[in-house]
Amino acid sequence: AQSVTQLDSQVPVFEEAPVELRCNYSSSVSVYLFWYVQYPNQGLQLLLKYLSGSTLVKGINGFEAEFNKSQTSFHLRKPSVHISDTAEYFCAVSESSGGSNYKLTFGKGTLLTVNP
Amino acid sequence: DTEVTQTPKHLVMGMTNKKSLKCEQHMGHRAMYWYKQKAKKPPELMFVYSYEKLSINESVPSRFSPECPNSSLLNLHLHALQPEDSALYLCASSQPLVTYPLREQFFGPGTRLTVL
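Heads up: the sequence lines are chains A and Y, in that order. If you count by this note's numbering, then the first sequence holds residues 1 to 116, one letter each, in order. If you count by this note's numbering, then the second sequence holds residues 1 to 116, one letter each, in order.
Isolated chain A, as found in the complex (with noise of 0.2 Å):
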């Protein structure tokens, strides 16, 4: 079974500053790992994926994430953050391979919250 934890509940930054949002997972076979995006009162939305290849994956509204395989880790990264992107930022892993493989299984969450 996996699992995925993201370390930090809540993180508040100043507009224009970086931000990381840390994500580990723990499973016994390979995953695919991705990044959901959650505004206010709205769905999911997918911000990036890791399949294979490149371990730097850049996704939407200037998002990136680093797949790191020895720390099983997964973090989400922006250079300069808008008020815009206020939201819940959910990690996700399922399974490459393997009879569990329609799961997705998800982190508690990240809260962004940009302050002006």
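You may find that some hints are simply not true.
To be verified - Using 30 Å as the maximum straight-line C-alpha spacing, the simulated BS3-like pairs for lysine-lysine come out as follows:
id: 1; chain 1: Y; residue 1: Lys53; chain 2: A; residue 2: Lys58
id: 2; chain 1: A; residue 1: Lys49; chain 2: Y; residue 2: Lys19
id: 3; chain 1: A; residue 1: Lys103; chain 2: A; residue 2: Lys58
id: 4; chain 1: Y; residue 1: Lys38; chain 2: Y; residue 2: Lys22
id: 5; chain 1: A; residue 1: Lys69; chain 2: A; residue 2: Lys108
id: 6; chain 1: A; residue 1: Lys49; chain 2: Y; residue 2: Lys53
id: 7; chain 1: Y; residue 1: Lys38; chain 2: Y; residue 2: Lys18
id: 8; chain 1: Y; residue 1: Lys53; chain 2: A; residue 2: Lys69
id: 9; chain 1: Y; residue 1: Lys22; chain 2: A; residue 2: Lys49
id: 10; chain 1: Y; residue 1: Lys53; chain 2: Y; residue 2: Lys9
id: 11; chain 1: A; residue 1: Lys49; chain 2: A; residue 2: Lys108
id: 12; chain 1: A; residue 1: Lys103; chain 2: Y; residue 2: Lys22
id: 13; chain 1: A; residue 1: Lys49; chain 2: Y; residue 2: Lys41
id: 14; chain 1: A; residue 1: Lys103; chain 2: Y; residue 2: Lys9
id: 15; chain 1: Y; residue 1: Lys22; chain 2: A; residue 2: Lys108
id: 16; chain 1: A; residue 1: Lys58; chain 2: Y; residue 2: Lys41
id: 17; chain 1: Y; residue 1: Lys19; chain 2: A; residue 2: Lys103
What the hints assert, rightly or not - Derived coverage of chain A by chain Y (criterion: at least 3 residues anywhere in the stretch with Cβ under 8 Å from a Cβ of chain Y; other residues may be distant):
id: 18; region: 11-24
id: 19; region: 50-58
id: 20; region: 73-79
To be verified - With the C-beta cut set under 10 Å, the calculated list includes, among others, these residues of chain Y facing chain A:
id: 21; residue: Lys9
id: 22; residue: Val12
id: 23; residue: Lys40
id: 24; residue: Glu44
id: 25; residue: Phe64
id: 26; residue: Pro66
id: 27; residue: Gln105
Simulated from the structure, these hints should not be mistaken for lab results. All values reported here derive from a predicted model rather than from experimental measurement. Don't be surprised by glycine CBs; every beta carbon is placed ideally from N, CA and C.
Start from chain A and add chain Y according to the hints.
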């Protein structure tokens, strides 16, 4: 079209009512999902349909009854719900699971359900 639509956006119902939630996608996805999301929590998987057949039921109470009438539509029938069932109900779709390991799920905006 990369959109998953859900109706209604909001629903208030009494514990004796019967209501239905609807979800539609036109991306040709043959896997569809229902999730329940409580406030400040990650989504919890309820049901998975693969090729219009129920393949996964995550031990959901029988007062929730899913239906997949065709490859584009997914319904969730609600009956005799409890106040603790109040939540955001999210629908998602993906490539068919049999031939594709889960790559990403596309989420709808959700239905905010309140049970009085």
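Now the hints, each set against the structure:
1. Y/Lys53 - A/Lys58: Violated, at about 35 Å.
2. A/Lys49 - Y/Lys19: Violated, at roughly 36 Å.
3. A/Lys103 - A/Lys58: holds, 23 Å
4. Y/Lys38 - Y/Lys22: Judged against 30 Å, a Cα distance of about 19 Å means the pair holds.
5. A/Lys69 - A/Lys108: Holds: A/Lys69 and A/Lys108 sit about 21 Å apart, inside 30 Å.
6. A/Lys49 - Y/Lys53: Roughly 28 Å separates the two Cα atoms, so the pair holds.
7. Y/Lys38 - Y/Lys18: holds, 21 Å
8. Y/Lys53 - A/Lys69: Given that 30 Å is the threshold and the Cα spacing comes to 36 Å, the pair is violated.
9. Y/Lys22 - A/Lys49: Status holds; Cα separation ~28 Å.
10. Y/Lys53 - Y/Lys9: Cα-Cα ~26 Å, so holds.
11. A/Lys49 - A/Lys108: It holds: about 18 Å lies between the C-alpha atoms, which stays within 30 Å.
12. A/Lys103 - Y/Lys22: holds, 22 Å
13. A/Lys49 - Y/Lys41: At roughly 21 Å apart (the allowed maximum being 30 Å), Y/Lys41 and A/Lys49 satisfy the hint.
14. A/Lys103 - Y/Lys9: holds, 25 Å
15. Y/Lys22 - A/Lys108: Measuring from Cα to Cα gives roughly 27 Å; hence the hint holds.
16. A/Lys58 - Y/Lys41: holds, 26 Å
17. Y/Lys19 - A/Lys103: holds, 27 Å
18. 11-24: violated (count 0)
19. 50-58: violated (count 1)
20. 73-79: violated (count 0)
21. Lys9: Holds: closest Cβ of chain A sits about 9 Å from Y/Lys9, inside 10 Å.
22. Val12: Violated. Min distance 15 Å.
23. Lys40: At 7 Å from the nearest chain A Cβ, Y/Lys40 passes the 10 Å test, so the hint holds.
24. Glu44: holds, 9 Å
25. Phe64: violated, 18 Å
26. Pro66: violated, 15 Å
27. Gln105: holds, 6 Å
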